[in-house]
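A.B. asks: Put together the whole structure using the sequences plus the hints.
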Amino acid sequence: MAVLLRDDLAVWQRLNVTSFLVSGIGRAVPELVGEPYEDADGTPYLAMFRQPVLVFEGTKETMAAAHARAVARALPCAVFTADMFATGNDRDNRAAVRAVGRAQLDLVGMAVHGPRNAVDKILKGARMHP
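In this text, residue positions in the sequence shown follow my numbering: the first is 419, and each later residue adds one.
Honestly, the hints are just simulated from the structure, not real lab data. Using N, Cα and C, we set each Cβ at its ideal position, and we do this for glycine too. One or more hints might be untrue.
Claimed, not checked - Straight-line Cα separation of at most 16 Å, EDC-like style, residue types lysine to aspartate or glutamate; simulated pairs:
#1 478 x 510
#2 478 x 425
#3 542 x 425
#4 542 x 475
#5 478 x 459
#6 478 x 426
#7 542 x 501
#8 539 x 457
What the hints assert, rightly or not - Derived Cβ-Cβ restraints for the label pairs, each shown as a range:
#9 458 x 538: 14 to 24 Å
#10 457 x 517: 23 to 33 Å
#11 486 x 513: 20 to 30 Å
#12 478 x 446: 35 to 45 Å
#13 515 x 459: 27 to 37 Å
#14 504 x 429: 17 to 27 Å
C.D. replies: Structure, rendered in structure tokens:
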């Protein structure tokens, strides 16, 4: 599982986009979520991903190329567009994405899940987030 963020985002945007994107992968691939946690006192906690989430960054062009490769490979993919920063709810987020053709999406982040070699090829040109 990997997240690709555009390199011109503010820190708060990077964190916000990452959290939104991984929620989509968790919904699409539920077997990635492990069992719930519990501390020694019996306090229950929510389950989390069973594997690390790798976070990368890249330019707008890197983002567009990675998105095209993910779509071509039909891997589970979540997207976050710049227009979504101006919305305040899920319905408006979906409408913002629906209003724009795939090639014109102003992507600021995407998450993808698949075999490691396929994800590596999709993220070609991106670098690990510092």
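A.B. asks: Indicate, hint by hint, whether the structure satisfies it.
C.D. replies: Okay, the hints, checked on the actual structure:
no.: 1; hint: 478 x 510; result: 23 Å, violated
no.: 2; hint: 478 x 425; result: 8 Å, holds
no.: 3; hint: 542 x 425; result: 15 Å, holds
no.: 4; hint: 542 x 475; result: 11 Å, holds
no.: 5; hint: 478 x 459; result: 48 Å, violated
no.: 6; hint: 478 x 426; result: 9 Å, holds
no.: 7; hint: 542 x 501; result: 25 Å, violated
no.: 8; hint: 539 x 457; result: 40 Å, violated
no.: 9; hint: 458 x 538: 14 to 24 Å; result: 40 Å, violated
no.: 10; hint: 457 x 517: 23 to 33 Å; result: 45 Å, violated
no.: 11; hint: 486 x 513: 20 to 30 Å; result: 23 Å, holds
no.: 12; hint: 478 x 446: 35 to 45 Å; result: 25 Å, violated
no.: 13; hint: 515 x 459: 27 to 37 Å; result: 43 Å, violated
no.: 14; hint: 504 x 429: 17 to 27 Å; result: 19 Å, holds
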